[in-house]
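Student: Below, each chain spelled out in residue letters.
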Amino acid sequence: MERSSTTVLKCKPAGVEQKMKRARGDKRHEMIEYAVETFSLTKIFSDWWGRAKVYAVDNLDLQVRANEVFGLLGPNGSGKTTTLKMLLGLLHPTKGRALLLGGDGSDPRINSRIGFLPEESYLYRYLNARETLDFYGRLFGLPAKIRKMRIEMLLDMVGLKAVANRAVGTFSKGMARRIGLAQALINDPDLLILDEPTTGLDPIGTRQIKDLILRLAERGKTILLCSHLLADVEDVCDRIAILYGGKIQTQGRVRELLQQTSKRQITTGAISDKAVERIKQIVRDEDAECEVASPMDKLETFFIRTVSAAQQKAQPTSGAVSTTKIGDFLTQHEAVESVLDKLVSAPISEQASGEIPATEKVAIESTKPKADEQLLSKLTEPVEKTESEAAAGEEKIKTEPVESETQRQEWVGEDILNKLTGGSDALSRNKSKTEKPQAGDSGDA
Amino acid sequence: MRSIWAVAINTIKQALRIKVAVVFTILLFVLLPALGITTTGDETLKGRLQTFVSYALSLMSFLLCILTIIVSIYSVTSDIEQRQIYTVITKPIRRFQFIMGKLLGVITLNAILLVLFSSIIYTITIYIPRFIKASEDELIEANNQFFTARASLTVPEVDVTQEVAAKYTELNQRGELPADMPRDEVIAQLTKQAQLAKRAAGVGQDLLWEFNNVKPLADSIFIRFKYDVSVNPPDSQVWGRWFVGDYQFFRYGTESKTPIYDEVHKHSVRTFHEIEVPAEVVPEHGHLAVAFLNDPLNSVAIIFPPDGLEVLYKADSFTGNFIRAVLLVLCRLIFLACLGVLAASFLSFPVAVLFCFVIFFTASFSGFVIESFGFLSENIGAVYSYSLKWLIQLLPQFDKFNPTKFLVPARLISWSLLGKCALLMVCTKAFLILILSLVIFSYREIAKITV
Chain A
5 MERSSTTVLK
15 CKPAGVEQKM
25 KRARGDKRHE
35 MIEYAVETFS
45 LTKIFSDWWG
55 RAKVYAVDNL
65 DLQVRANEVF
75 GLLGPNGSGK
85 TTTLKMLLGL
95 LHPTKGRALL
105 LGGDGSDPRI
115 NSRIGFLPEE
125 SYLYRYLNAR
135 ETLDFYGRLF
145 GLPAKIRKMR
155 IEMLLDMVGL
165 KAVANRAVGT
175 FSKGMARRIG
185 LAQALINDPD
195 LLILDEPTTG
205 LDPIGTRQIK
215 DLILRLAERG
225 KTILLCSHLL
235 ADVEDVCDRI
245 AILYGGKIQT
255 QGRVRELLQQ
265 TSKRQITTGA
275 ISDKAVERIK
285 QIVRDEDAEC
295 EVASPMDKLE
305 TFFIRTVSAA
315 QQKAQPTSGA
325 VSTTKIGDFL
335 TQHEAVESVL
345 DKLVSAPISE
355 QASGEIPATE
365 KVAIESTKPK
375 ADEQLLSKLT
385 EPVEKTESEA
395 AAGEEKIKTE
405 PVESETQRQE
415 WVGEDILNKL
425 TGGSDALSRN
435 KSKTEKPQAG
445 DSGDA
Chain B
-7 MRSIWAVAIN
3 TIKQALRIKV
13 AVVFTILLFV
23 LLPALGITTT
33 GDETLKGRLQ
43 TFVSYALSLM
53 SFLLCILTII
63 VSIYSVTSDI
73 EQRQIYTVIT
83 KPIRRFQFIM
93 GKLLGVITLN
103 AILLVLFSSI
113 IYTITIYIPR
123 FIKASEDELI
133 EANNQFFTAR
143 ASLTVPEVDV
153 TQEVAAKYTE
163 LNQRGELPAD
173 MPRDEVIAQL
183 TKQAQLAKRA
193 AGVGQDLLWE
203 FNNVKPLADS
213 IFIRFKYDVS
223 VNPPDSQVWG
233 RWFVGDYQFF
243 RYGTESKTPI
253 YDEVHKHSVR
263 TFHEIEVPAE
273 VVPEHGHLAV
283 AFLNDPLNSV
293 AIIFPPDGLE
303 VLYKADSFTG
313 NFIRAVLLVL
323 CRLIFLACLG
333 VLAASFLSFP
343 VAVLFCFVIF
353 FTASFSGFVI
363 ESFGFLSENI
373 GAVYSYSLKW
383 LIQLLPQFDK
393 FNPTKFLVPA
403 RLISWSLLGK
413 CALLMVCTKA
423 FLILILSLVI
433 FSYREIAKIT
443 V
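Just so you know, the sequences run in chain order A and B. Take the first sequence: its position 273, counting from 1, is numbered 277 in this note's numbering, and each next residue is one higher. Take the second sequence: its position 104, counting from 1, is numbered 96 in this note's numbering, and each next residue is one higher.
Do not take every clue at face value.
As the list claims (entries may be wrong) - What follows is a set of in silico ranges between Cβ atoms, one per label pair, in the way DEER data are often shown:
(1) A:S176 - B:V343: 49 to 55 angstroms
(2) B:S364 - A:G173: 44 to 50 angstroms
(3) B:S340 - A:K57: 20 to 26 angstroms
(4) A:S50 - B:G359: 52 to 58 angstroms
(5) B:V15 - A:G173: 42 to 48 angstroms
(6) A:D65 - B:I432: 28 to 34 angstroms
(7) A:S50 - B:S364: 40 to 46 angstroms
Derived by calculation from the structure, the hints in this document are not laboratory data. Think of the CB as a built atom: it goes at the ideal place given N, C-alpha and C, for glycine as much as any other residue.
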């Protein structure tokens, strides 16, 4: 209810580089500076006579620093996937060289630290979800107990536990995508290469992947993301490169590339019109323009809230059950995990399944004391809608620099709460209130 | 090793769940018992057993060969074409391990199916005598000539080179050589004539063969033979008087310590027959003579074809022989699995299947192919002997190691024969093929070109 009366102030100028402050996890694997490095990597597809036909990738010098989320963008056919295939040794470069984690992409020692999700989830149609993960787990030589534990966690995380015994061939595209993601994570990779990870996924799945990426980055993992869904890239990437015609057209930090340095944004709680007037006055004194609006929910948030509510009522579905869980082994720091693995090598099956509800409980409990923070996040989030999305993301993090990740996860829980306690009312009110300021939107700058 | 095994298990699951293997399995489950009931052969128990084993074993071997080709090719090409390999090969598994895993899976699946079906064939074979309630005589015949593994001694072709050379010189001197015939052809014809003469007996004439190291295990030895005749007698049957005993006695007239077999039989021409001879006629030193007299009752010359005479004696049990026969089939399957993987490493599914079938069928008639090219070789010469000949030699000889060829006449498949088959087919040819496929697969580009 308070939420709906949030007010947004947008004013000029200046913004602050923020996301760089992201808390980072352990850096044990960071002996090497670059997780991915290519040296004039070139791929020419030639015709039958050996004449060069297409420069799919052209003298590409790409550097992905260890422990960063890197987005490789570009329109269809710009050479993104070809680059990935060369990195992983699926295609041989015509010229140049690629290093993954300081080694060759087809070296098993390197492969054991990489997770790869191809542009489509190419799965063995005749295996069921659990067998699929078991197969990939075996390829990594994971001991049976750890394998079982991780499989159950991953199935739980991608929401396919209920259909784990169904052949993957009968899965919808999004469900297949989820299994594809799970197989890429089974070895808890240091470098995660995702080719169009969110295609075919519902908004909850998309949100979850984004959360996951941020979580992994927090733990010191490197993520190379290939996509043309710009909103997703923007939300998670530290740096991006835009490819066209097999060449890098531009690259740099997302913040630096997108920030509107000539604007500032302030988000407040429900303040009186009088206060707004005073602020406006202050802004006018600074010789800047000012615009006041109530923030809108993102459709994503709204969607997640609705579906979560349905899930709360336990409506049956033949599809994936959307969760916002992230497998424990992916979120714990490695030292902890190795201890965990050791513990787990004791009798395990009950323990593994018992662990998950426990985590859930913790998540729910932790929601309550952080109510204020949630409120804050609620207040800040709608900004993204009303203002240019880029600047919005910036400011939101500015308001709550430390706990951005954890909150993302908890929003859903809070949303459900709202919904149950008459949140829909609040929503309609919210709408009516936002109408007025929206009219002034165009006079923004 | 663990990753190889993971791929192998996956391959087996694939073969079973895409129902290729299931179809073949059901087919065999239905066909084998059906064969057991329907085959009658020449209405005798032995004939029935021979026909069943021959058909059942050939059918099983053929279907498993086809299955091997299809599964080994499909499991590799489908991974590449449907791109599951993207996620597999980027895991800590080397490409050769991937191929080895596929191969291991196919071979394991085959070995399981082979054991299953050969047990069925074996059981049916053993139960056929009880099932048809055979008479005592038929049982004895079946035990002697089918449920056994007999070693075979054959007569080598007599060397007639010198004789032919002399004859040629003589003809040349007399100027009787046909003018329009090259020397090679004349020599070949003369050789044929001379060899035929060594195997022919005119009315009242005899033929003598010698055999060394005859060591029978059972009470009887068998003479297996086939008559050819110059002119067909009215009832297509001829009389023959057979002698078996100590070679020294026949050759030099020394006194024999062992009895001499001497009996007259009437047999039809142009089919194989066996006469049972008590083993006591075999001298201790194992130097045995078999003699044939063209009985004066006949009015035609009798000729023994090149493979027309053998001495057989029991050397092992039927069961042991059957197991080795199955192992011969396994060698064949291993070769085909390697071949399938090789084809799949650089060809698409339909092309690879075609390629393997061509090799498979050629290999099934390799004896014939090699022979016919042998005739050509004299004219084609160097080009042939340095290129094609080697390629053909690289083919496995499925017909030479065909198990039915041994089981039907109850011929011993010796361990040395099995070893030779394994050495040639598996350790040499299949191994070379495997190495080649590993090299090709390791260096090829896995991904499709998509721009």
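Student: Now, for every hint given, state plainly whether the structure supports it.
Tutor: Structure-based check of each hint:
1. A:S176 - B:V343: 49 to 55 angstroms: Violated - the Cβ-Cβ distance for S176 (chain A) and V343 (chain B), about 34 angstroms, lies outside 49 to 55 angstroms.
2. B:S364 - A:G173: 44 to 50 angstroms: Hint holds: Cβ distance 49 angstroms, inside 44 to 50 angstroms.
3. B:S340 - A:K57: 20 to 26 angstroms: holds (21 angstroms)
4. A:S50 - B:G359: 52 to 58 angstroms: For G359 (chain B) against S50 (chain A), whose Cβ atoms are near 45 angstroms apart, the range 52 to 58 angstroms is violated.
5. B:V15 - A:G173: 42 to 48 angstroms: violated (18 angstroms)
6. A:D65 - B:I432: 28 to 34 angstroms: holds (32 angstroms)
7. A:S50 - B:S364: 40 to 46 angstroms: Since the Cβ atoms of S50 (chain A) and S364 (chain B) sit about 43 angstroms apart, the hinted range of 40 to 46 angstroms holds.
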